[in-house]
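Visitor: Residue strings, one per chain:
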Amino acid sequence: MKKIKMKETNLIDDFQQKIDRDEKIEPKDFMPEAYRKTLIRQIGQHAHSEVVGMLPEGNWITRAPTLKRKLSLLAKVQDEAGHGLYLYCAAETLGKSRMEMTQELLSGKAKYSSIFNYPTPTWADIGAIGWLVDGAAIMNQIPLCRCSYGPYARAMIRICKEESFHQRQGYEIMITLAKGTKEQKDMAQRALNRWWWPSVMMFGPPDADSTNTEDSVKWKIKRYTNDELRQKFVDAIVPQAKKIGLVVPDKNLKWDKKRNNGAGGYAYGKIDWDEFWRVIKGDGPMNNERLSAKKRAWDEGNWVREAARAHALKKQTALQAAE
Amino acid sequence: MTEEEKETSLWEVFIQPKNGLSHRHCGSIHASDREMAILAARNVYARRGEGQSIWVVKSTDIVSSDPDKKEEIFSSDDKIYRHPTFYDVPDDVGHM
Numbered sequence: 001m002k003k004i005k006m007k008e009t010n011l012i013d014d015f016q017q018k019i020d021r022d023e024k025i026e027p028k029d030f031m032p033e034a035y036r037k038t039l040i041r042q043i044g045q046h047a048h049s050e051v052v053g054m055l056p057e058g059n060w061i062t063r064a065p066t067l068k069r070k071l072s073l074l075a076k077v078q079d080e081a082g083h084g085l086y087l088y089c090a091a092e093t094l095g096k097s098r099m100e101m102t103q104e105l106l107s108g109k110a111k112y113s114s115i116f117n118y119p120t121p122t123w124a125d126i127g128a129i130g131w132l133v134d135g136a137a138i139m140n141q142i143p144l145c146r147c148s149y150g151p152y153a154r155a156m157i158r159i160c161k162e163e164s165f166h167q168r169q170g171y172e173i174m175i176t177l178a179k180g181t182k183e184q185k186d187m188a189q190r191a192l193n194r195w196w197w198p199s200v201m202m203f204g205p206p207d208a209d210s211t212n213t214e215d216s217v218k219w220k221i222k223r224y225t226n227d228e229l230r231q232k233f234v235d236a237i238v239p240q241a242k243k244i245g246l247v248v249p250d251k252n253l254k255w256d257k258k259r260n261n262g263a264g265g266y267a268y269g270k271i272d273w274d275e276f277w278r279v280i281k282g283d284g285p286m287n288n289e290r291l292s293a294k295k296r297a298w299d300e301g302n303w304v305r306e307a308a309r310a311h312a313l314k315k316q317t318a319l320q321a322a323e
Numbered sequence: 001m002t003e004e005e006k007e008t009s010l011w012e013v014f015i016q017p018k019n020g021l022s023h024r025h026c027g028s029i030h031a032s033d034r035e036m037a038i039l040a041a042r043n044v045y046a047r048r049g050e051g052q053s054i055w056v057v058k059s060t061d062i063v064s065s066d067p068d069k070k071e072e073i074f075s076s077d078d079k080i081y082r083h084p085t086f087y088d089v090p091d092d093v094g095h096m
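Protein chains in written order, with the numbering used here: chain A, 1 to 323; chain B, 1 to 96.
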């Protein structure tokens with residue numbers, strides 16, 4: 001018994017040393033259970049977010065203002081599906097089945113990013129999502145390309161390469177609207193007002209209240225804290241908004257020389273964390289709508305899955321008979 | 001049939017970027033048969049002209065080495081004579 005315990009301790013030490021040397025962990029390598037669990041939860045949530053993220057934008061595919069915008073939006077939504085699938089396959093290497101993950105999403109047991117529980121009432125919301133939501137996602141995702149788990153890091157590299165088109169197409173929509181008629185500019189401003197705070201919340205609770213940070217940093221799953229990433233995001237977006245004549249809806253926003261270790265950065269106002277927790281717990285404007293859309297798609301797609309299975313079985317039987 | 005039994009097979013996807021390069025592993029997908037596997041691999045991993053040929057292989061058909069035997073399979077520290085730098089050649093011989 002003692003011997004087994006010794007062996008386990010050595011394995012954990014070896015594992016940590018490997019991470020400290022910046023080596024990757026691959027699916028068949030030893031890993032502590034807590035590392036596996038953390039990754040399954042994080043990658044699963046990430047995959048679900050990509051998949052649910054298709055819904056708010058899908059809402060505008062048939063109503064995109066021009067053919068060019070429709071093509072871009074279709075390509076973007078298709079990318080989100082692809083990103084979800086890269087991530088599901090990374091999570092599967094940790095021993096969790098695709099079916100199990102799907103069931104957990106549909107039953108509401110698994111979480112996805114709260115940002116997708118907000119509605120997209122106007123075309124400008126599509127611009128704001130690309131610019132702000134994808135912008136925030138990129139801030140989060142770039143450090144994940146160097147995460148210690150090989151399959152997750154590889155999926156993230158692929159995702160980040162594709163994601164930059166998403167943010168640019170969103171910002172371009174906002175530029176076009178901001179340069180348009182007064183109504184169009186107002187529409188862009190209102191979309192920025194709606195999406196600003198939820199986007200700032202996307203980085204998660206403040207460092208002081210974040211429970212998962214310490215281990216994740218030690219294991220090099222997480223390389224920056226929530227607040228560090230949030231600061232980077234605010235610093236990047238504020239000048240972009242100014243450039244197109246839109247106003248970030250935060251009266252307390254001002255340049256602060258002391259931020260970023262004296263390099264300067266924007267100080268921002270108080271974030272309504274009550275709203276954040278309310279939406280996470282299921283009380284956002286679109287939580288029910290999103291989950292029922294996923295359930296409906298799953299149920300209505302059942303005959304397709306069944307037909308594919310039946311077809312595969314039929315062909316297999318015919319092949320065996322010929323042999 | 002239980003939900004677990006309904007799970008479609010997992011396939012590993014390899015893409016050859018262009019002639020002259022090898023097919024390279026890029027991820028996996030789920031599909032019920034070979035044709036669907038190629039189709040899904042194309043939709044998931046080749047949306048931007050990533051290559052010119054796709055291989056899909058059922059994950060269960062891949063045989064892999066035991067990660068615990070990494071040292072004994074791959075150790076070559078004791079066989080330095082297999083590397084060119086083990087052999088001394090006079091400098092004035094030039095590149096060899």
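Errors might be hidden in some of the hints.
As the list claims (entries may be wrong) - Simulated crosslink set (EDC-like; lysine to aspartate or glutamate; CA at most 16 Å straight-line):
(1) Lys7/A with Glu50/B
(2) Lys243/A with Glu172/A
(3) Lys6/B with Glu306/A
(4) Lys242/A with Glu172/A
By construction, these hints were calculated from the structure, which means they are not laboratory data.
Visitor: Taking the hints in turn, state whether each one holds.
Guide: How the hints compare with the structure:
1. Restraint check: the Cα-Cα separation between Lys7/A and Glu50/B comes to about 44 Å, which exceeds 16 Å; the hinted pair is violated.
2. The hinted pair formed by Lys243/A and Glu172/A meets the criterion: a straight-line CA distance of about 12 Å does not exceed 16 Å.
3. Taking the CA atoms of Lys6/B and Glu306/A, the gap is about 9 Å. The hint holds against a cut of 16 Å.
4. A C-alpha spacing of about 14 Å is found between Lys242/A and Glu172/A, which places the hinted pair at or below 16 Å, so the restraint holds.
The structure fails hint 1 only (numbered hints given earlier).
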